[in-house]
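S.K.: Based on the provided sequences and hints, a complete structural model is requested.
Protein sequences, first through last, are from chains A and B. Per my numbering, the first sequence starts with residue 1, numbered consecutively. Per my numbering, the second sequence starts with residue 316, numbered consecutively.
Everything labelled a hint here was simulated from the structure, so no lab data went into it.
Cross-link-like lysine-lysine pairs, in silico, DSS-like; alpha carbons within 25 angstroms at most:
| no. | chain 1 | residue 1 | chain 2 | residue 2 |
| --- | --- | --- | --- | --- |
| 1 | A | Lys30 | B | Lys409 |
| 2 | A | Lys160 | B | Lys409 |
| 3 | B | Lys408 | A | Lys30 |
| 4 | B | Lys408 | A | Lys160 |
| 5 | A | Lys160 | A | Lys30 |
| 6 | B | Lys408 | B | Lys504 |
Computed footprint of chain A on chain B, listed as stretches where at least three residues anywhere in the stretch have a Cβ under 8 angstroms from a Cβ of chain A:
| no. | stretch |
| --- | --- |
| 7 | 397-406 |
| 8 | 475-486 |
Derived list of chain A stretches under chain B, where covered just means 3 residues or more per stretch with a C-beta under 8 angstroms from a C-beta of chain B:
| no. | stretch |
| --- | --- |
| 9 | 154-166 |
| 10 | 169-176 |
| 11 | 181-187 |
None of these values were measured; they are calculated from a predicted model. No residue lacks a Cβ here, since even glycine has one placed at the ideal position from N, Cα and C.
For reference, the chains in residue letters:
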Amino acid sequence: MTFFFETLLGGLLAGTMYSLVAIGFVLIYKASGVFNFAQGSMLLFAALTFVSLHDQGVPFALALLLTVIVMIIGALLIERLVLRPLVNRSQITLFMATLGLSFIIEGLAQGLMGSQVRALDLGIDDVPLFVGPLMLSQFDLIAAAAAVVLVTVLALLFNKTRIGVSLRAVADDTTAALSIGINLNRIWQIVWAVAGIVGLVAGLLWGARQGVQFSLSLVVLKALPVLIIGGFTSIGGAIVGGLIVGAAENLAEVYIGPLRYHAVVRLRIGLGLPVYPSRRPVWRARHRASLKPCRSPLFKKPRRCCWSSGASPGP
Amino acid sequence: MSQAILQVRDISLSFKGVKAINALSFDVARGEICALIGPNGAGKSSLLNVLNGVYHFDAGEIVFEDQHFHRIDPLGAARRGIGRTFQNNALFKKMSVLDNILTGLSRHMRSSFIEQALGLPRARREAEGFRLRAQGILEFLELQAHRDVLVGNLSYGLQKRVELGRALIAGPSLLLLDEPMAGMNAEEKQEMARFVADVNRDLGTTVVLIEHDMGVVMGLSDHVVVLDYGRKVGDGTPADVQANPEVIAAYLGVVDA
Numbered sequence: 001m002t003f004f005f006e007t008l009l010g011g012l013l014a015g016t017m018y019s020l021v022a023i024g025f026v027l028i029y030k031a032s033g034v035f036n037f038a039q040g041s042m043l044l045f046a047a048l049t050f051v052s053l054h055d056q057g058v059p060f061a062l063a064l065l066l067t068v069i070v071m072i073i074g075a076l077l078i079e080r081l082v083l084r085p086l087v088n089r090s091q092i093t094l095f096m097a098t099l100g101l102s103f104i105i106e107g108l109a110q111g112l113m114g115s116q117v118r119a120l121d122l123g124i125d126d127v128p129l130f131v132g133p134l135m136l137s138q139f140d141l142i143a144a145a146a147a148v149v150l151v152t153v154l155a156l157l158f159n160k161t162r163i164g165v166s167l168r169a170v171a172d173d174t175t176a177a178l179s180i181g182i183n184l185n186r187i188w189q190i191v192w193a194v195a196g197i198v199g200l201v202a203g204l205l206w207g208a209r210q211g212v213q214f215s216l217s218l219v220v221l222k223a224l225p226v227l228i229i230g231g232f233t234s235i236g237g238a239i240v241g242g243l244i245v246g247a248a249e250n251l252a253e254v255y256i257g258p259l260r261y262h263a264v265v266r267l268r269i270g271l272g273l274p275v276y277p278s279r280r281p282v283w284r285a286r287h288r289a290s291l292k293p294c295r296s297p298l299f300k301k302p303r304r305c306c307w308s309s310g311a312s313p314g315p
Numbered sequence: 316m317s318q319a320i321l322q323v324r325d326i327s328l329s330f331k332g333v334k335a336i337n338a339l340s341f342d343v344a345r346g347e348i349c350a351l352i353g354p355n356g357a358g359k360s361s362l363l364n365v366l367n368g369v370y371h372f373d374a375g376e377i378v379f380e381d382q383h384f385h386r387i388d389p390l391g392a393a394r395r396g397i398g399r400t401f402q403n404n405a406l407f408k409k410m411s412v413l414d415n416i417l418t419g420l421s422r423h424m425r426s427s428f429i430e431q432a433l434g435l436p437r438a439r440r441e442a443e444g445f446r447l448r449a450q451g452i453l454e455f456l457e458l459q460a461h462r463d464v465l466v467g468n469l470s471y472g473l474q475k476r477v478e479l480g481r482a483l484i485a486g487p488s489l490l491l492l493d494e495p496m497a498g499m500n501a502e503e504k505q506e507m508a509r510f511v512a513d514v515n516r517d518l519g520t521t522v523v524l525i526e527h528d529m530g531v532v533m534g535l536s537d538h539v540v541v542l543d544y545g546r547k548v549g550d551g552t553p554a555d556v557q558a559n560p561e562v563i564a565a566y567l568g569v570v571d572a
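M.R.: Structure below.
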């Protein structure tokens with residue numbers, strides 16, 4: 001039983017790292033209804049900037065501060081050069097813009113700072129730590145703590161301040177928000193800056209795990225199942241989704257892994273079934289409660305729900 | 316300060332070559348209720364969208380509070396005291412009535428978000444002041460009973476009133492109402508007309524509104540501007556306009572004799 005709980009807890013802790021990545025998406029989706037394809041490259045850019053500075057001998061704290069400043073400047077530039085000219089355009093236009101943005105950021109990051117794999121040492125050893133009878137990874141615990149701190153700060157920012165209300169207003173109806181004097185440009189600047197900083201935290205933690213290189217930008221793929229479970233608009237959902245994916249992945253690896261986990265995945269792809277969690281309780285509960293047709297997050301058009309087999313509503 | 320709070324001078328607006336508004340001019344006097352009427356597609360909503368900067372006009376100028384504009388953007392319009400409501404309610408459906416009305420104060424916020432996040436005194440005082448103002452608006456529009464209801468759950472008529480409240484709380488000097496009584500029954504219309512008249516009389520707000528119900532328009536407004544195919548075909552007191560043959564032709568069509 002101890003082993004089961006170790007596996008479960010390890011999975012949950014790893015899940016917080018998925019949540020971190022997913023939160024970056026959620027923030028921007030909430031503020032503009034757009035799936036930000038460039039989140040992965042922002043994450044890579046942040047991690048690479050930090051590593052480059054750190055390698056130059058800049059102390060840890062200063063490098064962190066400088067990277068935060070770089071991400072904020074980046075957000076201001078993105079808002080001015082990419083988003084502002086596209087105000088009032090369709091969601092798909094904005095989505096395509098983020099796609100282009102991702103290439104530019106990736107190119108910039110690797111052009112300026114090189115494409116070789118860089119080791120990132122955060123000074124946290126990945127050593128086992130005993131909590132009672134359970135053996136957990138110290139790195140995972142610290143990563144989870146970072147996620148908790150970040151989420152608390154975000155919750156303060158978006159629930160206690162009028163910015164949160166403005167953010168919801170902008171997401172709900174951009175024209176109306178503008179007409180009552182909400183400064184859309186400012187909101188976008190703030191949101192992209194915050195998403196950049198979240199990307200930095202996620203990039204550092206993931207970078208420490210697997211080295212800072214191009215493939216780091218693919219970490220965002222991990223966020224997709226999380227977003228599908230938790231929804232695109234809820235930070236809470238991203239956290240819960242991350243935990244579920246993390247736990248499911250870890251448990252499956254340990255208990256189904258011997259039965260060829262990858263074969264299962266491939267089989268599911270072959271059969272056209274969802275690869276990731278086959279049952280998605282959060283999604284289905286939300287779904288039933290709202291009784292609306294599912295919305296594909298990329299294209300704001302109702303479409304038939306092909307995932308939840310039982311509760312699929314008519315068009 | 317001139318008599319007219321708003322002067323529209325030779326405004327033209329076209330969408331890909333289709334003229335929505337054609338060299339339109341009229342004045343709105345300070346403190347009056349001015350109704351824009353005309354058949355569907357006459358350019359009334361386009362005109363409101365021009366006035367608060369959602370659309371950019373191609374030619375002409377707008378004089379608001381003695382300042383000349385060749386281009387207006389929505390944020391600038393809001394800052395200068397132009398409030399508006401929309402034809403299809405543009406409320407924030409997942410927020411309560413109170414929160415919706417409070418969003419109207421977004422641009423009056425002075426405390427920084429750090430002060431708000433930490434609940435520092437200035438932010439708390441400000442929030443308290445905002446709540447009092449919102450309370451005043453809720454009472455004025457008789458919405459207290461619905462204060463904490465999510466807007467999406469309210470009836471259409473009440474939503475229109477919440478939208479009016481959201482525009483009002485910022486204390487606009489000019490209020491643009493796009494069909495404030497659309498889709499209401501006679502009783503609700505009367506109620507809404509009373510609120511608009513109250514706003515105009517008690518708060519001194521100049522109102523420009525679009526309305527189709529002639530009974531309401533004639534009873535409520537001081538000044539009527541009639542549009543047809545983006546041109547002005549009538550301008551005057553309700554009685555003048557009613558007697559204007561061109562207006563009658565626009566509404567009823569003419570039979571070529």
